[in-house]
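Asker: Sequence:
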Amino acid sequence: MLTHRFRESVRSDWTAVAFFAGNSSFSFILRACACVDVFGFSCTESRMNEEETHRPTIRSGVGGGAEARKRQDYLEWSEYFMAVAFLSAQRSKDPSSQVGACIVNQENKIVGIGYNGMPNGCDDDLLPWSRSADDRLDTKYPYVCHAEMNAIMNKNSATVKGCTMYVALFPCNECAKLIIQSGIKDVVYLSDKYHSTPEMEASRRLLDLARIPYSQFHPKQNRIVIDFDSISRSGPRESDGGCAPAVNGEVLKLGTQKSDTC
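In the UniProt record's numbering, the protein residues as written are 1 to 262.
No lab work stands behind these hints: they were computed from the structure. Every value quoted in this text rests on a predicted model; they were computed, and no experiment measured them. Even glycine gets a Cβ: it sits at the ideal position worked out from N, Cα and C. Among the clues, some could well be false.
[What the hints assert, rightly or not] Straight-line alpha carbon distances no greater than 35 angstroms define the calculated DSBU-like cross-link-like pairs of lysine-lysine that follow:
| no. | residue 1 | residue 2 |
| --- | --- | --- |
| 1 | K109 | K161 |
| 2 | K109 | K93 |
| 3 | K177 | K109 |
| 4 | K161 | K177 |
| 5 | K70 | K177 |
| 6 | K185 | K93 |
| 7 | K93 | K177 |
| 8 | K161 | K193 |
| 9 | K70 | K220 |
| 10 | K93 | K161 |
| 11 | K220 | K177 |
| 12 | K193 | K220 |
| 13 | K220 | K155 |
| 14 | K109 | K70 |
| 15 | K70 | K93 |
| 16 | K155 | K193 |
| 17 | K193 | K93 |
| 18 | K161 | K185 |
| 19 | K161 | K220 |
| 20 | K109 | K220 |
| 21 | K70 | K155 |
| 22 | K93 | K220 |
| 23 | K109 | K193 |
[Claimed, not checked] Between beta-carbon pairs, the in silico distance windows are:
| no. | residue 1 | residue 2 | range |
| --- | --- | --- | --- |
| 24 | A68 | A202 | 16 to 26 angstroms |
| 25 | E199 | P119 | 15 to 25 angstroms |
| 26 | S232 | E67 | 49 to 59 angstroms |
| 27 | D229 | R204 | 25 to 35 angstroms |
| 28 | D229 | R205 | 28 to 38 angstroms |
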């Protein structure tokens with residue numbers, strides 16, 4: 001009945017608008033009478049405009065505060081994987097050199113981690129850790145398994161074919177053989193301080209013949225600090241100019257390695 005009166009009033013006289021302006025049913029009639037054109041816009045447009053006006057604003061902040069934005073100082077993939085290699089090196093018992101390696105597949109998933117140490121089942125208290133001795137058998141070199149070997153042997157997938165290896169030191173010739181045979185597609189290393197040694201020259205020759213590219217990693221930051229207390233702190237994340245993972249408070253440095261072969 002009310003809708004009918006509104007239609008008749010609009011057809012006969014604009015005074016109907018004034019009559020219904022104070023009526024509580026006016027907004028309902030506008031929604032119901034989509035065929036009526038009032039003041040040059042349809043009732044459908046009126047509904048859309050009304051909904052647009054009352055559409056809530058979505059904010060990502062807490063409690064209506066400033067809008068939260070993602071962190072900008074997060075680790076890039078290459079930094080992350082090289083840092084994992086350096087962190088795993090902290091497991092090494094070698095007193096003169098701690099080297100780690102990290103193997104990553106095409107989906108940026110870690111499939112193998114290793115560090116230099118004695119073979120499984122061999123008591124490392126009964127084997128030598130010296131770098132030099134009158135008898136080579138009294139040095140560590142005939143016994144130690146390199147990080148690259150352990151990373152390949154520790155793989156958690158059926159194969160490492162097509163994967164990338166991140167390693168602290170450029171692989172020696174023996175590790176290059178394993179890299180080639182396992183199907184690893186490329187190598188990313190940080191230090192090449194033994195570049196001129198026969199072992200490294202042989203390694204590059206093997207990798208080149210196998211067409212396995214190798215590239216040096218240049219970190220954007222030379223240290224990453226692991227702070228176990230940071231997770232318990234409240235409020236804004238504290239930062240000292242970069243991502244802050246040190247083991248037992250020690251700084252994990254990406255730019256240095258103690259002087260020794262791998």
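Asker: Take the hints in turn and mark each one as holding or not.
Answerer: Cross-check of the supplied hints:
Between the alpha carbons of K109 and K161 the distance comes to roughly 13 angstroms, so the proposed pair stays at or under 35 angstroms and holds. Distance check on the hinted pair: K109 and K93 sit about 27 angstroms apart at the alpha-carbon level, within 35 angstroms; holds. Taking the CA atoms of K177 and K109, the gap is near 24 angstroms; set against the 35 angstroms cutoff, the hint holds. Between K161 and K177 the alpha-carbon distance is near 14 angstroms, which keeps this suggested pair within the 35 angstroms criterion.
Note on K70 and K177: the hinted pairing is violated, with a Cα-Cα distance of about 43 angstroms set against a maximum of 35 angstroms. Distance hint between K185 and K93 is fulfilled; the C-alpha atoms sit about 29 angstroms from each other, no more than 35 angstroms. For a cut-off of 35 angstroms, the pair hint linking K93 to K177 stands: about 25 angstroms separates their Cα positions. With a C-alpha separation of about 28 angstroms, the suggested pairing of K161 with K193 holds against the 35 angstroms cut-off.
A hinted pair counts as satisfied when its Cα atoms are at most 35 angstroms apart, and K70 with K220 qualifies at roughly 20 angstroms. Between K93 and K161 the CA atoms are separated by roughly 29 angstroms; this keeps the pair inside 35 angstroms, and the hint holds. A hinted pair counts as satisfied when its Cα atoms are at most 35 angstroms apart, and K220 with K177 qualifies at roughly 31 angstroms. Between K193 and K220, the direct Cα distance comes to roughly 20 angstroms. Compliance with the 35 angstroms bound is thereby established for this hinted pair.
The suggested pairing of K220 with K155 holds, with an alpha-carbon distance near 28 angstroms, which does not exceed 35 angstroms. At most 35 angstroms may separate the alpha-carbon atoms for a hinted pair to count; K109 and K70 meet this at roughly 22 angstroms. Taking the CA atoms of K70 and K93, the gap is about 39 angstroms. The hint is violated against a cut of 35 angstroms. Between K155 and K193 the alpha-carbon distance is near 27 angstroms, which keeps this suggested pair within the 35 angstroms criterion.
Proposed proximity of K193 and K93 is supported: the alpha carbons are some 21 angstroms apart, at most 35 angstroms. For the suggested pair K161 and K185, the alpha carbons sit about 7 angstroms apart, so the restraint of at most 35 angstroms is met. A hinted pair counts as satisfied when its Cα atoms are at most 35 angstroms apart, and K161 with K220 qualifies at roughly 29 angstroms. A C-alpha spacing of about 22 angstroms is found between K109 and K220, which places the hinted pair at or below 35 angstroms, so the restraint holds.
The hinted pair formed by K70 and K155 meets the criterion: a straight-line CA distance of about 33 angstroms does not exceed 35 angstroms. With a C-alpha separation of about 28 angstroms, the suggested pair K93 and K220 falls inside the 35 angstroms cut-off, and the hint holds. Distance hint between K109 and K193 is fulfilled; the C-alpha atoms sit about 29 angstroms from each other, no more than 35 angstroms. The hinted window of 16 to 26 angstroms between A68 and A202 is violated, with their beta carbons roughly 53 angstroms apart.
For the hinted restraint 15 to 25 angstroms between E199 and P119, the CB-CB distance of approximately 20 angstroms keeps it satisfied. Separation of S232 from E67 is about 26 angstroms and departs from the stated range, judged on CB atoms against 49 to 59 angstroms. Hint check: D229 to R204, Cβ distance near 44 angstroms, so the stated range 25 to 35 angstroms is violated. As the Cβ distance of D229 to R205 is approximately 48 angstroms, the hint placing it in 28 to 38 angstroms is violated.
The structure fails hints 5, 15, 24, 26, 27, 28 (numbered hints given earlier, in ascending order).
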